[in-house]
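**Q** As a plain string of letters, each chain reads:
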Amino acid sequence: MGQLQLKQLSSLSKVSPNRIYNQTVVTGTNAVRGQEISYQIAFRGDFFNYELTPYNLEISAYKKFDIQYYTVQSVPVRLPLYRGIRSDDDYLTKEACLLPDALWPLETPNVISQVDYWRSLWITVKIPENCPVGKHFIRIAFRDANGVIQGKKTFTVNVFPQQLPAQKLLYTQWFYCDCIADVHHVPVFSEEHWKLIERYMKLAADGGINLILTPVLTPPLDTEVGGERPTTQLVDIVKNGDKYEFEFSKLRRYIALAEKCGIPNFEINHMFTQWGAEHAPKVIATVDGEKKRIFGWETDAKSAEYQDFIRQLIPAVLKVFEEENVSRDRLYFHVSDEPRAAHLDYYRADAELLLPLIEGCGEIDALSDITFYNNGLVREPVPGTNHIVPFLEAEVPNLWCYYCCSQGNLVGNRFMAMPSYRNRILGVQMYKAGVKGFLHWGYNFYNNQNSVKKINPYFDTDGEGMFPSGDTFSVYPYRDGAAPSLRHLIFRDGLEDMRLLYLVEEKLGREKVIEEIDRICGEPLTFEVYPRNNQFFSELYEFIFANL
Amino acid sequence: MKNKLQLKQLSSLAKVFPDFIDSGNVKNQISCVRGQEFSYQIAYRCNVTEYEILPYRIKLDAPEGFEIKLYNVECVPSMLPYFRGERGDDDYITKKTAIFPDVLIPLEHDEVGARVEYWRSLWVNVKVFEDCAAGASQIGIAFCDADGNAVAKKIFTATVYPYTLPKQRLLYAQWFHSDCIADVHRVRIFSEKHWDLIGKYMSMAKESGMNLIFTPVLTPPVDTAIGGERPTVQLVEITKNGNDYTFDFSRLKRWVTMALERGFYGFEINHFFTQWGAKHAPKVIATVGGRKKRIFGWETDACGEEYRAFLSALVPALLRFFEAQEISRERIFFHISDEPTTPNIENYRKAGELLHPLIEGCTQFDALSEYDFFQNGLVKEAVVSNDHIAPFLENHVPNLWAYYCSWQGNKVGNRFFAMPSYRNRILGVQMYKANLRGFLHWGYNFYYTRLSKGVVDPYKETTCGMEFVSGDAYSVYPYRDGVTPSLRMKVFYDALQDMRLLYLVEEKLGREAVIAELDRLCGAPLTFKEYPRTATFFEALESFIFLNLEQ
Numbered sequence: 055m056g057q058l059q060l061k062q063l064s065s066l067s068k069v070s071p072n073r074i075y076n077q078t079v080v081t082g083t084n085a086v087r088g089q090e091i092s093y094q095i096a097f098r099g100d101f102f103n104y105e106l107t108p109y110n111l112e113i114s115a116y117k118k119f120d121i122q123y124y125t126v127q128s129v130p131v132r133l134p135l136y137r138g139i140r141s142d143d144d145y146l147t148k149e150a151c152l153l154p155d156a157l158w159p160l161e162t163p164n165v166i167s168q169v170d171y172w173r174s175l176w177i178t179v180k181i182p183e184n185c186p187v188g189k190h191f192i193r194i195a196f197r198d199a200n201g202v203i204q205g206k207k208t209f210t211v212n213v214f215p216q217q218l219p220a221q222k223l224l225y226t227q228w229f230y231c232d233c234i235a236d237v238h239h240v241p242v243f244s245e246e247h248w249k250l251i252e253r254y255m256k257l258a259a260d261g262g263i264n265l266i267l268t269p270v271l272t273p274p275l276d277t278e279v280g281g282e283r284p285t286t287q288l289v290d291i292v293k294n295g296d297k298y299e300f301e302f303s304k305l306r307r308y309i310a311l312a313e314k315c316g317i318p319n320f321e322i323n324h325m326f327t328q329w330g331a332e333h334a335p336k337v338i339a340t341v342d343g344e345k346k347r348i349f350g351w352e353t354d355a356k357s358a359e360y361q362d363f364i365r366q367l368i369p370a371v372l373k374v375f376e377e378e379n380v381s382r383d384r385l386y387f388h389v390s391d392e393p394r395a396a397h398l399d400y401y402r403a404d405a406e407l408l409l410p411l412i413e414g415c416g417e418i419d420a421l422s423d424i425t426f427y428n429n430g431l432v433r434e435p436v437p438g439t440n441h442i443v444p445f446l447e448a449e450v451p452n453l454w455c456y457y458c459c460s461q462g463n464l465v466g467n468r469f470m471a472m473p474s475y476r477n478r479i480l481g482v483q484m485y486k487a488g489v490k491g492f493l494h495w496g497y498n499f500y501n502n503q504n505s506v507k508k509i510n511p512y513f514d515t516d517g518e519g520m521f522p523s524g525d526t527f528s529v530y531p532y533r534d535g536a537a538p539s540l541r542h543l544i545f546r547d548g549l550e551d552m553r554l555l556y557l558v559e560e561k562l563g564r565e566k567v568i569e570e571i572d573r574i575c576g577e578p579l580t581f582e583v584y585p586r587n588n589q590f591f592s593e594l595y596e597f598i599f600a601n602l
Numbered sequence: 015m016k017n018k019l020q021l022k023q024l025s026s027l028a029k030v031f032p033d034f035i036d037s038g039n040v041k042n043q044i045s046c047v048r049g050q051e052f053s054y055q056i057a058y059r060c061n062v063t064e065y066e067i068l069p070y071r072i073k074l075d076a077p078e079g080f081e082i083k084l085y086n087v088e089c090v091p092s093m094l095p096y097f098r099g100e101r102g103d104d105d106y107i108t109k110k111t112a113i114f115p116d117v118l119i120p121l122e123h124d125e126v127g128a129r130v131e132y133w134r135s136l137w138v139n140v141k142v143f144e145d146c147a148a149g150a151s152q153i154g155i156a157f158c159d160a161d162g163n164a165v166a167k168k169i170f171t172a173t174v175y176p177y178t179l180p181k182q183r184l185l186y187a188q189w190f191h192s193d194c195i196a197d198v199h200r201v202r203i204f205s206e207k208h209w210d211l212i213g214k215y216m217s218m219a220k221e222s223g224m225n226l227i228f229t230p231v232l233t234p235p236v237d238t239a240i241g242g243e244r245p246t247v248q249l250v251e252i253t254k255n256g257n258d259y260t261f262d263f264s265r266l267k268r269w270v271t272m273a274l275e276r277g278f279y280g281f282e283i284n285h286f287f288t289q290w291g292a293k294h295a296p297k298v299i300a301t302v303g304g305r306k307k308r309i310f311g312w313e314t315d316a317c318g319e320e321y322r323a324f325l326s327a328l329v330p331a332l333l334r335f336f337e338a339q340e341i342s343r344e345r346i347f348f349h350i351s352d353e354p355t356t357p358n359i360e361n362y363r364k365a366g367e368l369l370h371p372l373i374e375g376c377t378q379f380d381a382l383s384e385y386d387f388f389q390n391g392l393v394k395e396a397v398v399s400n401d402h403i404a405p406f407l408e409n410h411v412p413n414l415w416a417y418y419c420s421w422q423g424n425k426v427g428n429r430f431f432a433m434p435s436y437r438n439r440i441l442g443v444q445m446y447k448a449n450l451r452g453f454l455h456w457g458y459n460f461y462y463t464r465l466s467k468g469v470v471d472p473y474k475e476t477t478c479g480m481e482f483v484s485g486d487a488y489s490v491y492p493y494r495d496g497v498t499p500s501l502r503m504k505v506f507y508d509a510l511q512d513m514r515l516l517y518l519v520e521e522k523l524g525r526e527a528v529i530a531e532l533d534r535l536c537g538a539p540l541t542f543k544e545y546p547r548t549a550t551f552f553e554a555l556e557s558f559i560f561l562n563l564e565q
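Here the protein sequences line up with chains C and Y, keeping their order.
Taking this note's numbering as reference, the numbering of the first sequence is continuous, increasing by one, and the terminal residue is 602.
Taking this note's numbering as reference, the numbering of the second sequence is continuous, increasing by one, and the terminal residue is 565.
Among the hints, erroneous ones may be present.
[Said to hold, decoys possible] Cut-off 30 angstroms, straight-line C-alpha distance, at most; resulting in silico cross-link-like pairs (DSSO-like, lysine-lysine): (1) K345(C) - K356(C); (2) K207(Y) - K507(C); (3) K364(Y) - K307(Y); (4) K206(C) - K110(Y); (5) K207(Y) - K206(C); (6) K474(Y) - K83(Y); (7) K61(C) - K109(Y); (8) K118(C) - K189(C); (9) K507(C) - K474(Y); (10) K207(C) - K110(Y); (11) K507(C) - K41(Y); (12) K189(C) - K206(C); (13) K507(C) - K18(Y); (14) K566(C) - K256(C); (15) K220(Y) - K267(Y); (16) K474(Y) - K61(C); (17) K118(C) - K61(C); (18) K181(Y) - K83(Y); (19) K373(C) - K256(C); (20) K507(C) - K22(Y); (21) K109(Y) - K148(C); (22) K167(Y) - K507(C); (23) K249(C) - K425(Y); (24) K148(C) - K22(Y); (25) K214(Y) - K508(C); (26) K425(Y) - K110(Y); (27) K83(Y) - K507(C); (28) K508(C) - K207(Y); (29) K508(C) - K307(Y); (30) K110(Y) - K148(C); (31) K314(C) - K118(C); (32) K467(Y) - K508(C); (33) K167(Y) - K148(C).
I should point out that these hints are in silico values taken from the structure, not numbers from a laboratory.
Just chain C, same shape as in the assembly (with noise of 0.2 angstroms):
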């Protein structure tokens, strides 16, 4: 009969169906309350005669537990990196291969192995606040069609009585609205949209997102000059001369429906374009009873009729938010993505315009020279990881970091080429660097470079070959929904040893906790240097747990 292999592994190894990149066997972990963990059985059959056998899981888990089962899913990864300077040589492969990523939620208690290719069950628990402390179990058997056990594997949760804290991190990836309606061909903002805008939002809570990207207007994000993306614009304007009357409906909608999924902050879409801050986002407005663009491209940042639409448009927002209990440290604003010292002219003018409107909320931009910083434009800014050290050594207040397609040398990324320890390594080193927020440009960004075209994310994970595969999105359409990438939750691992870090914090002091983390990584942790294997998280709980 079919002999099945079974290994036990931690979230950190990927099992990709030829074969098992950074292996670490696991029996089960420490968790406080409130804590949400994964692990994995990879299986793979040897037997000859048939490719797959079907078995049925056996599952016997703490009653408290909430457990999730998904199958791990390969997709192709036609770049995995970026050749010459932008990478390194800690990746799994150079190679274009199939890599697991995506997460499929497993509908019925069976799995079917495959012979000589491994498959991996994936499993998160979630922890409840209430959870008694002790060691609790989660049991596992693949049964056979002929009713015999082939192979069991048990894993133990040894809760501890501490609650985790709350996350202080704020974090953001990019919500495309045109791209869930693009992918599952529906019209923005009909009812099966707004379904959908539901489940991308939930998932996106799911992976530590608090802060979400809110199309006030069509994000002027990733759009070729001259060219536009979907309408996604959540008020409605009509213009009557130089009067503007905004509706308000979707936004309050599109408020609310964050808040029941459990995103508290809202960042509103950047007001001038990127790369330059010198036009504005395409604006739509009801003109004499018909619907026109009114803004774009052709529109001159600095010209008097877009400052004058900026300064009715922005206190009616924020009216909105008052209205709606959002207060204003809950509202994240942008001018321009990604300004370089040649757009400081335009940058300032519309810096000058827009921040005297947003008293009393954050503004964030990404940008990399911290000389642009300095010119005292940006409240908050995002460096990329690779260029954060000059804001660091300057103690920048309220910085927060990003990482893109160009972060791929030394430093962490999402990549899926890359070991899971690159993904997780974030949050220790979010925690090391105090950082206030995360950024991201694509949770799910389904188009090709500049958005010209609509791609399919399970064939094409590069966008065009334009970004390394893993960097455009971290969930991915699934039925009538999302479905999460292991690189998702992986990063929420990382949140969570930062909340971790502050529960020992409490006890330790910063300083000690601070201490105890560069002796387990050998040197002095920074986001380049970092230990390149998955026995650093291990160690890092066993530091964790010892103290709590």
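Given the structure of chain C, go ahead and fit chain Y onto it with the hints provided.
**A** Relative to the frame of chain C, chain Y by itself:
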């Protein structure tokens, strides 16, 4: 700027993976005849490190007398590249799950993006017009920078001989799944959008050498779970009054007209009995008392009086319809049931006894694998898998057809992603030598999981839910509001053209001499299981063919 672009001009038999090239023989020229179509490729990559992808504009320098289409070859995933054990052998490119070059995406705005250190491939498809001048012509393809300056250029020489490619004799169908078209494009069955798509898929089938079109007079009872059903794509509208049936063939007429306009020769009517046993009827929907309902299906006894009466009414009406369209009976092909086996012989016999008297003058054929079953004389023309064909050939079975599917992965040729393209193209030469009448494949565009239980995205799920080897279930991909080919379909078309060129040479040398030469090139008598495992065989074949034609 220094030229950092690398180009390799390759045969259509190369498979260009991002990290390596399989069968990557350089090919800079071809000999061809009028009416022929050929393909070649230009693999490209960069070796700069400042940028990851460099845009180039393709400038095509096309000579008179040729029509040229450019595609980018894109890779798709396979989680099941082959079947192990007795169903596979060692002649696969890889046995790992991997991504494989397969889908041909039409080039837009003549732009390509060259990746650093990862190969991509430009697929150049060339049609030689019937009135193309004889002699050598050069096709130039330049990769130009943003200013329009050629950074690198490749010249391909096509030497046209003053002959016209003979007509294709082989009958060839891949089952055309209209329901899959509707599902994958999200349109309603037989809506105008659906008809438009059907037309596009038919055109591509015809351009790829298919001359028989699978015609769902009734919803085809193939790949359907027992007790389950596929979407209704029945072309005939039926009204039932007591024991009388009236048939409205207007939809069928539209289908037939579309097929004729595109040049299809024959019509392959759906099976009239269920697959793997012939025990039941296909799904039949009729208007009864003003309401549409299913009048036959899995609950129907195939040889029961009611279904017998129905077929006795339908088939003659159908033949009268074809007659009215001036389509003679030899152009109509009927099935009884797919893959009958000895244990089901009685059902099959009864079904045959019912159908055969109704279809005098038409062809009746079915896929089957047992020579013993065929000897019972119940199947008029046998469609045999290429790994079970030897006894049929030894016994000189007339009007023989061949097929392959997922099980034919050991020794024989096939079209799986993971097979080198020479295992795909070899079929033409093999079928020429075996003198086959036709070739059938079950999947032109099967975008369902096995037994049609769910719809798949063919760019993502290439195995029908891990049931079939990648490459078996379809040879074209949905693309925007239409369809785009796989390189496997282009290579199979090359195989069909090999056959046609061999018939041309046969006119000069006689069949015996041609076969002797094929065996000599092969190094052993060429069969469906013994054949050269190299792309260079086809270079030698081309040399042989054109040495015997006058320039």
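**Q** Against this structure, judge whether each hint is valid.
**A** Right, here's what the structure says about each hint:
Using a Cα cut-off of 30 angstroms, the hinted pair K345(C) and K356(C) holds, with the two alpha carbons roughly 24 angstroms apart. About 22 angstroms separates the Cα atoms of K207(Y) and K507(C), which keeps this hinted pair within 30 angstroms; it holds. With a CA separation close to 27 angstroms, the supplied pair K364(Y) and K307(Y) stays within the 30 angstroms bound. Proposed proximity of K206(C) and K110(Y) is supported: the alpha carbons are some 27 angstroms apart, at most 30 angstroms.
Proposed proximity of K207(Y) and K206(C) is contradicted: the alpha carbons are some 52 angstroms apart, above 30 angstroms. Restraint check: the Cα-Cα separation between K474(Y) and K83(Y) comes to about 26 angstroms, which is no more than 30 angstroms; the hinted pair holds. A threshold of 30 angstroms between alpha carbons decides the hint, and for K61(C) with K109(Y) the separation of about 23 angstroms falls inside it, so the pair holds. Our distance criterion of 30 angstroms between C-alpha atoms is met by K118(C) and K189(C), whose separation comes to about 12 angstroms.
Of the pairs offered as hints, the one joining K507(C) and K474(Y) holds, with about 18 angstroms between alpha carbons and a cut-off of 30 angstroms not exceeded. With a CA separation close to 27 angstroms, the supplied pair K207(C) and K110(Y) stays within the 30 angstroms bound. Of the supplied pair hints, the one linking K507(C) and K41(Y) is violated, its CA atoms being roughly 34 angstroms apart against a limit of 30 angstroms. Proposed proximity of K189(C) and K206(C) is supported: the alpha carbons are some 19 angstroms apart, at most 30 angstroms.
Among the hinted pairs, K507(C) with K18(Y) is consistent with the structure: their alpha-carbon atoms are about 28 angstroms apart, no more than 30 angstroms. Our distance criterion of 30 angstroms between C-alpha atoms is broken by K566(C) and K256(C), whose separation comes to about 36 angstroms. Restraint check for K220(Y) and K267(Y): satisfied, since their Cα atoms lie roughly 18 angstroms apart, inside the 30 angstroms limit. In summary, the hint linking K474(Y) to K61(C) is supported, as the alpha carbons are separated by about 27 angstroms, within the 30 angstroms threshold.
Proposed proximity of K118(C) and K61(C) is supported: the alpha carbons are some 25 angstroms apart, at most 30 angstroms. A threshold of 30 angstroms between alpha carbons decides the hint, and for K181(Y) with K83(Y) the separation of about 23 angstroms falls inside it, so the pair holds. Taking the CA atoms of K373(C) and K256(C), the gap is about 26 angstroms. The hint holds against a cut of 30 angstroms. Taken as a hint, the K507(C) and K22(Y) pair is honoured in the structure, with Cα atoms around 28 angstroms apart against an allowance of 30 angstroms.
Between K109(Y) and K148(C), the direct Cα distance comes to roughly 19 angstroms. Compliance with the 30 angstroms bound is thereby established for this hinted pair. The suggested pairing of K167(Y) with K507(C) holds, with an alpha-carbon distance near 28 angstroms, which does not exceed 30 angstroms. Between the alpha carbons of K249(C) and K425(Y) the distance comes to roughly 52 angstroms, so the proposed pair goes past 30 angstroms and is violated. At roughly 22 angstroms between alpha-carbon atoms, K148(C) and K22(Y) fall within 30 angstroms of each other, so this suggested pair holds.
Annotation: proposed proximity of K214(Y) to K508(C) holds, straight-line Cα distance about 22 angstroms (limit 30 angstroms). Proposed proximity of K425(Y) and K110(Y) is supported: the alpha carbons are some 19 angstroms apart, at most 30 angstroms. With a CA separation close to 21 angstroms, the supplied pair K83(Y) and K507(C) stays within the 30 angstroms bound. Between K508(C) and K207(Y) the CA atoms are separated by roughly 21 angstroms; this keeps the pair inside 30 angstroms, and the hint holds.
Between K508(C) and K307(Y), the direct Cα distance comes to roughly 41 angstroms. Violation of the 30 angstroms bound is thereby established for this hinted pair. For the suggested pair K110(Y) and K148(C), the alpha carbons sit about 16 angstroms apart, so the restraint of at most 30 angstroms is met. Only pairs whose Cα atoms come within 30 angstroms are accepted, and K314(C) paired with K118(C) is accepted, the gap being roughly 24 angstroms. A hinted pair counts as satisfied when its Cα atoms are at most 30 angstroms apart, and K467(Y) with K508(C) qualifies at roughly 28 angstroms.
Straight-line distance between C-alpha atoms of K167(Y) and K148(C) comes to about 29 angstroms, which keeps the hinted pair within the 30 angstroms bound.
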